[in-house]
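Q: For what it's worth, full-length UniProt numbering labels the leading residue of the sequence shown as 1, then goes sequentially.
Where hints are given, some of them may not hold.
What follows is a list of derived Cβ distance ranges for each label pair [to be verified]:
(1) Gly19 / Arg109: 20 to 28 Å
(2) Pro64 / Ala116: 30 to 38 Å
(3) Glu25 / Pro104: 26 to 34 Å
(4) Ala13 / Ala116: 16 to 24 Å
(5) Pro16 / Arg75: 21 to 29 Å
(6) Glu26 / Arg63: 24 to 32 Å
(7) Leu53 / Pro16: 24 to 32 Å
(8) Arg92 / Arg45: 25 to 33 Å
(9) Arg33 / Asp65: 30 to 38 Å
Worth flagging that the hints you see were computed from the coordinates, not collected in a lab.
Here a beta-carbon is modelled for each residue, glycine too, at the ideal position from N, C-alpha and C.
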Amino acid sequence: MAVDAAWILDLAASLPETGEREYVEESVAFTFRGRGIGYVSADGRQLFVKSTLAERDAMVRSRPDVFAEWYTSGRFGWVRATLDRIDADEARELVVEAWRLTAPQRLVREWEEASAGAATP
């Protein structure tokens, strides 16, 4: 399934304590407690997310037609993904991991436990 900007923003909004705000040049940022964890470009074609440096580098090396380095801040390396070249599972993994890198571990554990419980019939 292809993903679009609205799907990404809905996914981000479903994570605990996330918000949304306008960003540069009409792009939309999604945040955790006001701190940026991802952005969708104004044209809806690009996703930018927080990642570890190692993960970003691995993504770029393995699929340079899809992923690119975008920004580095301390121990984090933001990655740019072209939305029409990733599927829903990849997009979900990118967004959730960006949230996990920012949210407190206690909140991440609670969310994971609740998510696992919801998936079990």
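Q: All hints are to be evaluated individually against the structure, with a verdict given for each.
A: Against the structure, the hints:
no. : hint                       : result
1   : Gly19 / Arg109: 20 to 28 Å : 21 Å, holds
2   : Pro64 / Ala116: 30 to 38 Å : 34 Å, holds
3   : Glu25 / Pro104: 26 to 34 Å : 31 Å, holds
4   : Ala13 / Ala116: 16 to 24 Å : 21 Å, holds
5   : Pro16 / Arg75: 21 to 29 Å  : 23 Å, holds
6   : Glu26 / Arg63: 24 to 32 Å  : 27 Å, holds
7   : Leu53 / Pro16: 24 to 32 Å  : 25 Å, holds
8   : Arg92 / Arg45: 25 to 33 Å  : 18 Å, violated
9   : Arg33 / Asp65: 30 to 38 Å  : 34 Å, holds
Of the numbered hints given earlier, the model fails hint 8 alone.
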